[in-house]
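Peer 1: For reference, the chains in residue letters:
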Amino acid sequence: MSSYISLSYFDLALAAVFIVLNGVISIAFKLGLAKKLLIVSLRMVAQLLLVGLLLSWIFSVSSLWLTAGIALAMALFAGREIWARQERKLAGIWGFGIGTGAMMFAGMFVTLIALNTQIQPDPWWSPRYSLPLFGMILGNTMTGVSLALDRLTAMVVREKNAIEARLLLGLTRWQAMRPFVRASLRAGFMPIINAMAAMGIVSLPGMMTGQILSGVAPQEAVKYQILVMFLIGGATGLGVIGATFAATMRLSDDRHRLRLDRLKSSHTPTY
Amino acid sequence: MLEIKSVRSEIFGPLSLSIKPGQCIAIMGKSGSGKSLFLRAIADLDPNEGEISLNAKSRDAMPASEWRRMVGLVPAESGWWADSVGDHFDNMAGVAKMLAELDLPPEILSWQVARLSTGERQRLALIRALTLQPVALMLDEPTAALDRQATACVESLIQQQLAKGVSIILITHDEHQAARLADETYLLENGKLVKTSPEHKETSA
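Sequence order for the protein chains is A and B. Those letters in the first sequence? Residues 117 to 387, by my numbering. Those letters in the second sequence? Residues 712 to 916, by my numbering.
Keep in mind the hints are simulated off the structure, nothing from the lab. Glycine is no exception: its CB is placed at the ideal position from the N, C-alpha and C atoms. Treat the hints with care, as some may be off.
Said to hold, decoys possible - Selected chain A positions facing chain B (in silico; Cβ < 7 Å):
no., residue
1, T288
2, A362
3, R371
4, R373
Claimed, not checked - So the derived label-pair ranges between C-beta atoms look like this:
no., chain 1, residue 1, chain 2, residue 2, range
5, B, E886, A, V273, 34 to 44 Å
6, A, R378, B, E900, 28 to 38 Å
7, B, A787, A, D377, 11 to 21 Å
Generate the whole structure from the sequences, applying the supplied hints.
Peer 2: Here it is as structure tokens:
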């Protein structure tokens, strides 16, 4: 990695000139974006500096329990995000539990296997490897799960008459809800399928570009990217399927009834 | 024989009824009195308590899906899930004949659901339920969106089913319809069924 070029804080200030330029344009044309740009830039810098500090601390402490704790905190934040993005939520613990549980299970399962087979750092849970990997997998699984659950809950409400008509014709709950379950699965899989299709042609992924910029040979960076995409795709799929089936079960009961009473009654999205 | 014993939910009950083969019971009552919910409870579409059996076979002893194939419910608002009308029919036996009897064109099966009128949907939903050849049938205002002629067609189809020995529960707002079709009429009020007409069916010429 001899070709790694370290950046100084002066380099960063220089790059910020482009944002300042945008701010000047906004003021000149009264676009009203200058203040927002300023705030969001400062916020981003603060967040990233903090995360940098946090990561160096975690890497230096290098404790299994600390790493596990951070991973759990990441999963809970992502779970809250899934919960908040659903317009119609399941009532009670289920609203948070199904999405978070499925995402966490899928993300951890795939991360643990990758750490112990393909990557094999020493120790296997080394936070330098496990946390970024878990983060990438979690972020994508979160997107998939939240899209699938949002689609499913919105659909069963909108298609109540259709689902009940199918139930009344003697179909089981799984048969009756199948078209809507399939649409939810499609919605959950769509982002990862699009990302995989565009990979390398439309988009050069951030992780790979980052590795190349820091001096890794392109073929090596590509190998890492392929590994990561498989892991992300696998975890997203498992999470989406798990969450959709669990939610379908919760939205119906063993007497093959549609149970919309198990959704929270509020109509207003909370985000 | 459809036997309903002390069925109740939060809104109504306990309600009991027993309906012999070929018998028609009409239920009337204000909107919101729980008539539709009572039918949904019998079909086990909402959580409810009580004993229901059909020809001595208990509802709770079989999967709800199997129960609903024998005890058909046609709700006031029909549900559709595919674009084309025909895709909603699994079993085409008898469909053509019933379409003709309900004054619907045979090519309606290739139409888009979106272009159907409410009355057409209502009649198609009835036909769809009848393709399962249910032993008992519950109809929630089956002629609410229909003109006089179509209403007469639906009523004669109901008569046919009664003649075949199907037990029918009919929700209606029209006391003349109740008198034409039903052997007994009840009023659902404050969660209780009150018998209003012991008299026999009007015999239509």
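Peer 1: For each hint, tell me whether it holds in the structure or not.
Peer 2: Each hint, compared with the structure:
1. T288: holds (5 Å)
2. A362: violated (20 Å)
3. R371: Hint on A:R371: holds, closest Cβ of chain B at ~4 Å, below 7 Å.
4. R373: With a minimum Cβ separation of about 6 Å from chain B (threshold 7 Å), the hint on A:R373 holds.
5. B:E886 with A:V273: 34 to 44 Å: Since B:E886 and A:V273 have Cβ atoms about 36 Å apart, the given range 34 to 44 Å holds.
6. A:R378 with B:E900: 28 to 38 Å: holds (31 Å)
7. B:A787 with A:D377: 11 to 21 Å: holds (20 Å)
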